[in-house]
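Visitor: Take a look at the letters that make up each chain.
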Amino acid sequence: MQFLDSFVQKLHDTFIEGDRWHYLTDGLKTTLIVTFFAALLGIVLGFLTAIVRSTHDKTGKLTILDLIAKLYLTVIRGTPVVVQLLIIYFVIFASVNIPKTVVAIMAFGLNSGAYVAEIVRSGIMSIDGGQFEAGASLGMNYPKTMLYIILPQALRNILPALANEFIVLLKETSVAGYIALTDLTRGGDIIRSATYEAFLPLIAVAVIYLVMVVALSRLVGLLERRLARSDRG
Amino acid sequence: MMKKTISVLTASVLLALSLSACSSVPANTVHSADDLTGKTIACQLGTTGYIFAGDIEGATVEGYNKGADAVQALVQGKADAVIIDSEPAKVFVSKNSSLTILEDPFAVEEYAIAYKKGNDELGSQIDEALTALKADGTLDAITAHWIGDEADYVSYTPDASVSRDGKIVMATNAEFPPYESKEGDQIVGIDADMMRAVCDKLGKELVIEDMAFDSIIAAVDSGKADVGVAGMTVTEERKQNVSFTQGYATTTQVIIVRKD
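So the protein lines, in turn, are chains A and B.
When the first sequence is numbered by this note's numbering, its final residue is 286 and no position is left out of the sequence of numbers.
When the second sequence is numbered by this note's numbering, its final residue is 263 and no position is left out of the sequence of numbers.
Among these hints, one or two may not hold up.
Stated by the list, open to error - Not everything, but these chain B residues come out facing chain A in the computed CB check (under 10 Å):
| id | residue |
| --- | --- |
| 1 | SER27 |
| 2 | ALA30 |
| 3 | HIS34 |
| 4 | ALA36 |
| 5 | LYS42 |
| 6 | ILE54 |
| 7 | TYR67 |
| 8 | ASP72 |
| 9 | VAL78 |
| 10 | ASN244 |
| 11 | SER246 |
Simulated from the structure, these hints should not be mistaken for lab results.
Given the structure is predicted, the values throughout are model-derived calculations rather than measurements.
Beta carbons are placed, not taken as given, at the ideal position from N, Cα and C, and that holds for glycine.
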């Protein structure tokens with residue numbers, strides 16, 4: 054009974070006292086905004102990079118663009134995202150005061166784009182070369198073949214890997230606190246630093262991430278099933 | 004191939020540099036504690052400065068992992084002021100010519116050593132050792148090595164003749180000069196030296212664990228560390244979770260701003 058009382062007291066101190074639950078809801082909002090726009094940026098960058106890379110691999114054109122794409126992949130995949138975040142905040146925007154949310158979106162979007170690029174490229178390369186020839190024999194040029202024949206088939210193959218990347222991205226945004234951006238994790242940290250109680254804030258934060266990831270996986274499962282319906286093979 | 008890579012790399016670095024140089028830092032707008040209303044204040048998460056800043060009307064408080072990150076944000080114009088303990092503030096200002104400390108202190112407070120609630124045996128032993136170190140001038144001598152014009156930054160040498168039985172694990176956050184900071188793989192500073200002297204008195208071996216400031220009380224409370232020594236002020240909230248020894252240093256919270 055005494056245990057229950059002290060637990061209820063801790064619940065009260067952690068979430069109710071001083072409206073501390075606001076830190077979690079505000080943090081969640083920031084996490085969602087950052088993840089959503091970073092994912093968008095990542096998709097755009099990733100697809101562009103992948104198309105450049107695979108076009109170069111298949112046709113030998115776009116040498117310079119391919120070089121830039123390779124450099125981007127090497128630098129981004131070769132350094133930790135926390136370091137990239139700090140570089141963007143403290144070095145690149147050293148004296149420009151732009152909102153931290155934008156900094157985080159840029160950092161995580163740039164980071165995610167590199168991984169998306171390799172996933173998409175693997176999808177494009179997985180499509181049989183005969184499909185390009187089929188496109189050509191129908192009188193389609195290279196961009197049209199890519200857009201209408203290759204990419205739709207590739208997308209279905211890479212959907213699970215792509216979903217996985219966005220789940221990773223969602224969890225990776227938890228380092229946004231390094232630039233004092235109050236995301237979900239930092240929201241929990243702020244509560245922890247006010248109550249000196251580690252259990253409840255950390256477990257609450259973990260549960261919220263878990264719920265988001267499970268929901269995201271479910272959505273992707275639905276989408277995969279929907280796409281499978283049109284699969285005759 | 005290599006040449007091209009290098010030229011692309013150089014171009015992107017130049018682009019980044021030009022971007023960072025093209026805008027200037029806004030002028031200082033904080034000249035006293037009253038000016039803090041509605042401003043952006045950078046602090047270290049979990050410190051008393053952070054707690055105090057939260058009480059300022061309309062202010063946006065940003066909690067960084069380190070005091071140095073908060074100061075960096077101030078230098079770059081991302082924040083209007085930093086509230087932090089006076090001694091670390093002096094170190095930061097001495098290393099950043101564009102900063103200055105406001106004359107009037109924000110708050111006066113006292114540092115003490117935190118230990119697990121109920122572990123009064125250890126608490127009273129450390130208390131006695133502290134009383135002795137104050138009486139024989141050891142504590143003043145240690146402080147003089149790290150603060151003031153005479154500071155030579157020489158660490159306390161533990162007494163080799165003491166026979167040691169057991170150890171004391173000290174949790175700290177080595178980002179807080181001159182109380183604690185890293186030098187090579189050593190943690191140096193007033194708190195580390197004071198605890199070495201305390202361990203000499205108690206016949207214990209000192210083990211220092213470096214961690215985030217806001218994890219120290221949890222570490223002491225859960226028994227992962229025996230004591231928390233990190234320039235920690237006694238506050239009511241902290242007292243609900245850990246016990247404190249007598250104070251060993253009086254300090255002030257100050258406001259750092261950019262020079263006019």
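Visitor: Holds or violated: the hint that ASN244 of chain B contacts chain A, with Cβ atoms closer than 10 Å.
Guide: Because about 4 Å separates ASN244 of chain B from the closest Cβ in chain A, which is inside the 10 Å limit, the hint holds.
Visitor: Have a go at the SER246 of chain B hint: is there a Cβ in chain A nearer than 10 Å to its own Cβ?
Guide: At 13 Å from the nearest chain A Cβ, SER246 of chain B fails the 10 Å test, so the hint is violated.
Visitor: For the hint on SER27 of chain B, does the least C-beta distance to chain A fall short of 10 Å?
Guide: Interface hint status for SER27 of chain B: holds (7 Å vs cutoff 10 Å).
Visitor: Let me know if the C-beta of HIS34 of chain B comes in closer than 10 Å to any C-beta of chain A, holds or violated.
Guide: Violated: closest Cβ of chain A sits about 20 Å from HIS34 of chain B, beyond 10 Å.
Visitor: Report holds or violated for the interface hint on ASP72 of chain B, using the least CB-CB distance to chain A and a cut-off of 10 Å.
Guide: It holds, given that the least Cβ distance between ASP72 of chain B and chain A is near 7 Å, below 10 Å.
Visitor: Using 10 Å as the Cβ threshold, decide whether ALA36 of chain B counts as touching chain A.
Guide: With a minimum Cβ separation of about 22 Å from chain A (threshold 10 Å), the hint on ALA36 of chain B is violated.
Visitor: Taking the closest Cβ pair, is VAL78 of chain B under 10 Å from chain A?
Guide: At 9 Å from the nearest chain A Cβ, VAL78 of chain B passes the 10 Å test, so the hint holds.
Visitor: Hint check: is the beta carbon of TYR67 of chain B less than 10 Å from a beta carbon of chain A?
Guide: With Cβ-Cβ at 5 Å, under 10 Å, it holds.
Visitor: Holds or violated: is the Cβ of LYS42 of chain B closer than 10 Å to a Cβ in chain A?
Guide: violated (13 Å)
Visitor: Does the interface hint hold: is ILE54 of chain B within less than 10 Å of chain A, judged Cβ to Cβ?
Guide: holds (8 Å)
Visitor: Closer than 10 Å between Cβ atoms is the bar; does ALA30 of chain B clear it against chain A? Give me holds or violated.
Guide: Because about 13 Å separates ALA30 of chain B from the closest Cβ in chain A, which is outside the 10 Å limit, the hint is violated.
Hint violations for this structure: numbers 2, 3, 4, 5, 11, all remaining hints satisfied.
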